[in-house]
Amino acid sequence: MKIYFNTKAFDCLPGKADLDVTDNIFDAEMLVLGAKAEKYDELKKLKAIYRFGVGRENIPDELLSKGVPKVYFPGEDTKNVLFESTANFTVYLILRMYYGAREGKVDTWEKFTRDSISNKTLLVAGLGNIGGRVAAKMKPLMNVTSYDILKNKPEQLRPLIESADIITVHMPSNEQTKNFFDEARLSWLKDDAILINTARGNIFSEDALYKKLSSSNVRAAFDVFWKEPYAGKLKEFYPEKFYMTPHVASQTMEYVKAGFADILNIVHSHGANK
Numbered sequence: 000m001k002i003y004f005n006t007k008a009f010d011c012l013p014g015k016a017d018l019d020v021t022d023n024i025f026d027a028e029m030l031v032l033g034a035k036a037e038k039y040d041e042l043k044k045l046k047a048i049y050r051f052g053v054g055r056e057n058i059p060d061e062l063l064s065k066g067v068p069k070v071y072f073p074g075e076d077t078k079n080v081l082f083e084s085t086a087n088f089t090v091y092l093i094l095r096m097y098y099g100a101r102e103g104k105v106d107t108w109e110k111f112t113r114d115s116i117s118n119k120t121l122l123v124a125g126l127g128n129i130g131g132r133v134a135a136k137m138k139p140l141m142n143v144t145s146y147d148i149l150k151n152k153p154e155q156l157r158p159l160i161e162s163a164d165i166i167t168v169h170m171p172s173n174e175q176t177k178n179f180f181d182e183a184r185l186s187w188l189k190d191d192a193i194l195i196n197t198a199r200g201n202i203f204s205e206d207a208l209y210k211k212l213s214s215s216n217v218r219a220a221f222d223v224f225w226k227e228p229y230a231g232k233l234k235e236f237y238p239e240k241f242y243m244t245p246h247v248a249s250q251t252m253e254y255v256k257a258g259f260a261d262i263l264n265i266v267h268s269h270g271a272n273k
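Just so you know, the sequence shown maps onto residues 0 to 273 in numbering that gives the first Met the number 0.
By construction, these hints were calculated from the structure, which means they are not laboratory data.
Keep in mind that a hint or two might mislead.
[To be verified] With a straight-line Cα cutoff of 27 angstroms, these simulated DSS-like cross-link-like pairs (lysine-lysine) come out: (1) Lys-104 with Lys-35; (2) Lys-150 with Lys-210; (3) Lys-150 with Lys-138; (4) Lys-35 with Lys-234; (5) Lys-138 with Lys-189; (6) Lys-119 with Lys-189; (7) Lys-78 with Lys-1; (8) Lys-240 with Lys-38; (9) Lys-46 with Lys-110; (10) Lys-240 with Lys-119; (11) Lys-38 with Lys-78; (12) Lys-15 with Lys-78; (13) Lys-226 with Lys-210; (14) Lys-189 with Lys-7; (15) Lys-69 with Lys-35; (16) Lys-189 with Lys-256; (17) Lys-1 with Lys-35; (18) Lys-211 with Lys-7; (19) Lys-104 with Lys-15; (20) Lys-46 with Lys-189; (21) Lys-38 with Lys-1; (22) Lys-240 with Lys-256; (23) Lys-119 with Lys-69; (24) Lys-226 with Lys-240; (25) Lys-136 with Lys-240; (26) Lys-226 with Lys-211; (27) Lys-189 with Lys-136; (28) Lys-46 with Lys-69; (29) Lys-256 with Lys-234; (30) Lys-15 with Lys-35; (31) Lys-136 with Lys-78; (32) Lys-65 with Lys-46; (33) Lys-110 with Lys-189; (34) Lys-15 with Lys-256; (35) Lys-240 with Lys-211; (36) Lys-240 with Lys-177; (37) Lys-7 with Lys-210; (38) Lys-177 with Lys-152; (39) Lys-240 with Lys-78.
Predicted, not measured: the structure shown is a model, and the values here were computed from it.
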């Protein structure tokens, strides 16, 4: 089964060399899909698609209903590794952004006095599989509040944003959440608030965020962007006010190996059905 990878996530695994990998997407019988979409109608030989990730925004609904090619998503074990890996990376970003600006300067041996993080408030926006894990991991360290669009009323959001020192976002990407954090909602932030985004870039208005970072002491750390690789205007604030990582929150060896096991299962199932 000829396989085309449109993600480099599996390049670290020697086992990939044992597969029938093609560099020509039009020869592919199976497509291993990252965050980038493809022109699926042009892939006439395609029998299977494996979406390495939980987002479905790059897979049209009509493709899911066709049946051929058959679309596969990570198994439960793989998803749990993804959720845990992303939550752990989010915790790292929270602590990095909070302590990074307060750790002092080695060259001048200047010490900065900081507030204890235990006296700060973290707002977790989105309490799904990842957000719920982040909340549980951070509760021993600081005050944690939460907002979920499926559970909370819209009028509950503003006071939560106004009282938060750090906001971490874990919402899915859909019409309801696109530009969810617009100029109006960003205006509710504390002047020195910290924003963390390991969900999807388009949950924030890029223009509104640029305006907010330009006019306040707000800082942000993003692992996801409006277009990747990201080369937009917010790069001018990197790294102090807009810290960036190249969409690696879930990129652990454990997650890659679990995803590769999914791929092998799909290949074997199609071989058995010949």
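Exercise for the section: Could you work out which earlier hints the structure fails to respect and list their numbers in ascending sequence? Expected result: Violated: hints 1, 2, 8, 9, 14, 16, 18, 19, 20, 22, 23, 29, 37 and 39.
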